[in-house]
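Undergrad: Listed below are the residues making up each chain.
2 protein chains.
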Amino acid sequence: MKLYTFFRSSASYRVRIALNLKGLEYEQVPVHLRRGGGEQHGTAYKKINPQELVPALEINGRTLIQSLAIIEYLDERYPDPPLLPSDPADRALARSMALMIACEIHPLQNLRVLNHLKASHHQSDEDVNRWARHWIDLGLASLERLVSAGPTCEFCVGDRATLADICLVPQLANARRFGSDLSDFPTLVRIEERCNALPAFERARPENQPDAE
Amino acid sequence: MKLYTFFRSSASYRVRIALNLKGLEYEQVPVHLRRGGGEQHGTAYKKINPQELVPALEINGRTLIQSLAIIEYLDERYPDPPLLPSDPADRALARSMALMIACEIHPLQNLRVLNHLKASHHQSDEDVNRWARHWIDLGLASLERLVSAGPTCEFCVGDRATLADICLVPQLANARRFGSDLSDFPTLVRIEERCNALPAFERARPENQPDAE
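Same order as they appear, the protein sequences are chains A and B. Numbering-wise, our numbering comes out as the position in the first sequence, counting from 1, plus 207. Numbering-wise, our numbering comes out as the position in the second sequence, counting from 1, plus 207.
Quick caveat, the hints were computed from the structure, so don't treat them as lab data. None of the hints are false.
As the list makes no split between identical chains, a pair holds if one copy fits it or if it spans any two.
No more than 20 Å apart at the CA atoms, straight line, and that leaves these computed lysine to any residue pairs for SDA-like:
#1 Lys-229 <-> Asn-415
#2 Lys-325 <-> Val-335
#3 Lys-209 <-> His-248
#4 Lys-325 <-> Arg-340
#5 Lys-254 <-> Arg-269
#6 Lys-254 <-> Ser-349
#7 Lys-209 <-> His-239
#8 Lys-325 <-> His-341
#9 Lys-325 <-> Arg-337
#10 Lys-254 <-> Thr-394
#11 Lys-209 <-> Ile-255
#12 Lys-254 <-> Glu-351
#13 Lys-325 <-> Asn-336
#14 Lys-253 <-> Leu-345
#15 Lys-254 <-> Thr-359
#16 Lys-253 <-> Glu-351
#17 Lys-209 <-> Pro-413
#18 Lys-209 <-> Asp-297
#19 Lys-209 <-> Lys-253
#20 Lys-254 <-> Pro-358
#21 Lys-254 <-> Pro-237
#22 Lys-253 <-> Ala-356
#23 Lys-253 <-> Ser-349
Remember, it's a predicted structure, so these values are computed and weren't measured experimentally.
Using the sequences plus the hints, can you model the full thing?
TA: What follows is the structure, encoded as structure tokens:
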């Protein structure tokens, strides 16, 4: 099992957490997103992932892309421990929280979008930081409302880490990098602490990866 | 079953297709995204969806949000006909294509993002159209490469409509609205034609909705 990854990529971070929670061994192949204009745009990597993004996972003779699709695959092929609740409506709730991050926050603040704002839309470093914080703060505020509206649990949905928590922890790390004030999101921060106390989350942190700088 | 929807919202369009493919009856509750500053921001709707986005689906006593989470729920609760292939790696492939649209294209070109670019980042109508087309063209080019790299099929993955096709058709409609040149994506356009020949897709089209303008 081979994971094409970048230590600081949130989507790679999600898949690392999932693999660790499942107790699966994997080899890391670093793809540096900044070096030489981005190794993800090289001919070699384009054959692995035509979308030129990380992560990609080589597994059982296939190459899978898109972090949430990879994690759903892992959950179907290696069901123990489950990364989604068993009740269908609770599964939908966990997936919707994950998608609130993966669709509505992360794509707006990732590196290629910020670079494009600077290069093609005359935005300064300060402008793009303000842009990123806007979408992070708006998205996390919705998520805080949704999570805190449910019963008090150890994790986003229930008392076991799910896809929602797997997306939450890397997004809060990004929020800190952009200078968001996380005191508005006490429920999310409490859940993050609970997650980071687990070895699967701890080992997946950017600073604990072989390609960390 | 009650679907909070807006005729022109791509995410609502996806759920309408899925409900139609499953043969499920549903009541439409229109939420107008432009009228009065956006009905999705009103107090009443905020209680239904704290993220203030459409769609939301009231079903079996719960309210579900995020189109892909809703569709996965429908596929689990009403498995016939399936909206994902049966092979786990093919399921991952269909999901990854759906996510390439739902994470990497649609969130960058939706109404609230374009409005924010204009209101807070001094971008003109022409600037935001150029921005939207950039992400649409880049994303569809990756998707065209991925879909055409596989075996020739009637749909994105295999010979039955899946989650990938459900996301593709609304995204191509958006691409046309922004003036993208779709002749670069012949495989995607061929699949779109095949989809739109199905009554489930036809009935879900924005112009065929009760709230269409």
